[in-house]
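Visitor: Now for the letters of each chain:
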Amino acid sequence: MNEYTVFHTMAWPSAYAIYFFVIGISSALFFFSALSWFREDYRPLRENAFYASFVLLAVGGLLLIGDLSQPGRFLNILNPAYLNFQSPLAWGGLNLISFGLVAVLYFFMMRKGDEVNGKRLAIIGSLLALGLPIYTGFDLTVHQHRPVWNTPLMPVLFVGLSLVSGAAVASFLTKGSEAANSAMRRMMLWSGGAVGAMLISLLGTTAYGGVGAELTFMFLTSGTLGLIFIGLGIIAGTAVPIVLLLAPLGRQQVGMMTASVLILVGGMALRYSILYGGQILQTYY
Amino acid sequence: MTQELLMSSTETRGRPGVRRYAMVIDVRRCIGCMACQVACKAEYDVPLGVFRTWVPYRVTGKYPTVKKQFLPRLCNHCDDPPCVRACPVEATYKLEDGGFVLQHYDRCIGCKACMASCPYNARFMLPEHRTYTDITKVVDKCTFCYHRVIQGLVPACVQTCVGRSRIFGDINDPNSEVSQLVARHATQVLRPEQGTKPHVFYIGADRSLTDYGRAVYHKDEQADIERAAFNRNKHI
Ligand code: SF4
Ligand code: SF4
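Sequence order for the protein chains is A and B. Each residue of the first sequence is one higher than the one before, starting from 61 at the first, in our numbering. Each residue of the second sequence is one higher than the one before, starting from 46 at the first, in our numbering.
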């Protein structure tokens, strides 16, 4: 460490973690609403999940724009003369806008009960919704010098996090339907399990990585960030809810609600610590 | 440097017909006077708390054989700059002739993707208020003094360096001083493994300053206090 150096700030503060959280939930909720056109057990979620998804999309969009230092210029990202397709942010901007437009059309078809167009828009919207966690993952992955971020896992991990957090929110929107509750329980279990498996490989590759990765691993597993990442994210927010959902209590309303709340706390903690973890070390360089 | 080492189409080192400016910093000659840091601040009205160039140091050795190791830092004007790739609106770009990595201040939306992608902390967000300049709340960085170089001058930090530690010139010109220095001396660049092809070359840089070290655990408390105060005042 230097005896004298200037301080450096982190590029992406916690607003980004909230954005990742909100937009991940929004895209999963849209996906569940869309699934309701094809699977009866998802039917009670169609309207509720869609409305929640749309509100969260608006919140996410505002968060993203609000975090720009020049919010008034956010339209630059849609200017074809400026767009740089090497940047995942450019793809993300287009993905967000097109998802928003499809969601509006979907809303009208849903209200009309138009089966044919509803299904079509459900498929298109789901693909665009899938793009949101993928692009947020790529937002981090492309920074080649950032330990934890620069792994092929990130886009997949964000999809998993999106599904598990989305299912946790959706479990409150099932209007008490047995079938929908059990679908959400299964979704939380499978996607939670996938997230857990990915976190284990992430920890492994980070711990055995180069100097930067190794130091980042130590930051992520000690002190306050360790408490957030390991304590809240992995143990309380991933492992405990999985155990709870597998236990007999997990089949009851109260068990599922508890698991959902824990998953949401964990989902936020994981996104926050991954976002921060990748940035700490370099601020001292 | 040979053509076959060029990995991406943006690289212009060794490309015939274009200039590729570079800086050589001979740290053996650096006395840590920080005149470069001051000259840069004066040249650009660089606000408090942020720097286009800075000179960190580290004391190495054991009494009585101790040494202060300086490592002047600035944007490396990378030949394959990740910041340019990361910018969604091409607000940061690389000039083909000269290799300068520059900013369109009126286009930058302030997403800070370029800051996240620069492995060298070379970029910073300009605060809301500045004394003499009305460019605010966009990302800024060293420009290799583009406005001076196109007028045949050297960058302000090079001009002012009392130890002649900083040398500037066209590395594509085999007769330039930077070409000769890079050819004759063992040089280091910062974090070469990142594939950015930095164009600030160091002579005699100490590894304790160029690498990440475990000593990051003995963090500079003062830097943390200053950073917290800076963030509290919503300068970024
Ligand atoms: S040092 Fe950083 S800001 Fe400068 S060109 Fe390289 S990546 Fe870009
Ligand atoms: S902060 Fe400005 S220069 Fe940097 S990536 Fe965003 S738009 Fe481009």
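Just so you know, these hints were derived from the structure itself, not from any lab. Just so it is clear, CB atoms sit at the ideal spot from N, CA and C, and this is done for glycine as well. Among these hints, one or two may not hold up.
Facing chain B, from chain A, some residues (calculated, C-beta under 7 angstroms) [claimed, not checked]: (1) N136; (2) I137; (3) P140; (4) A267; (5) V271.
Visitor: Does A/I137 pass the interface check with chain B, least Cβ-Cβ distance below 7 angstroms?
Guide: Hint on A/I137: holds, closest Cβ of chain B at ~5 angstroms, below 7 angstroms.
Visitor: Holds or violated: is there a CB of chain B closer than 7 angstroms to the CB of A/N136?
Guide: Holds. Min distance 5 angstroms.
Visitor: Would you check whether A/V271 satisfies its interface hint, that is, whether its CB is within less than 7 angstroms of any CB in chain B?
Guide: holds, 5 angstroms
Visitor: Holds or violated: the hint that A/P140 contacts chain B, with Cβ atoms closer than 7 angstroms.
Guide: Result: violated, 11 angstroms to nearest chain B Cβ.
Visitor: Can the hint on A/A267 be confirmed by a CB-to-CB distance to chain B that is less than 7 angstroms?
Guide: A/A267 check fails; min Cβ-Cβ to chain B is 15 angstroms, beyond 7 angstroms.
The structure is inconsistent with the numbered hints 3 and 4, although it conforms to all the rest.
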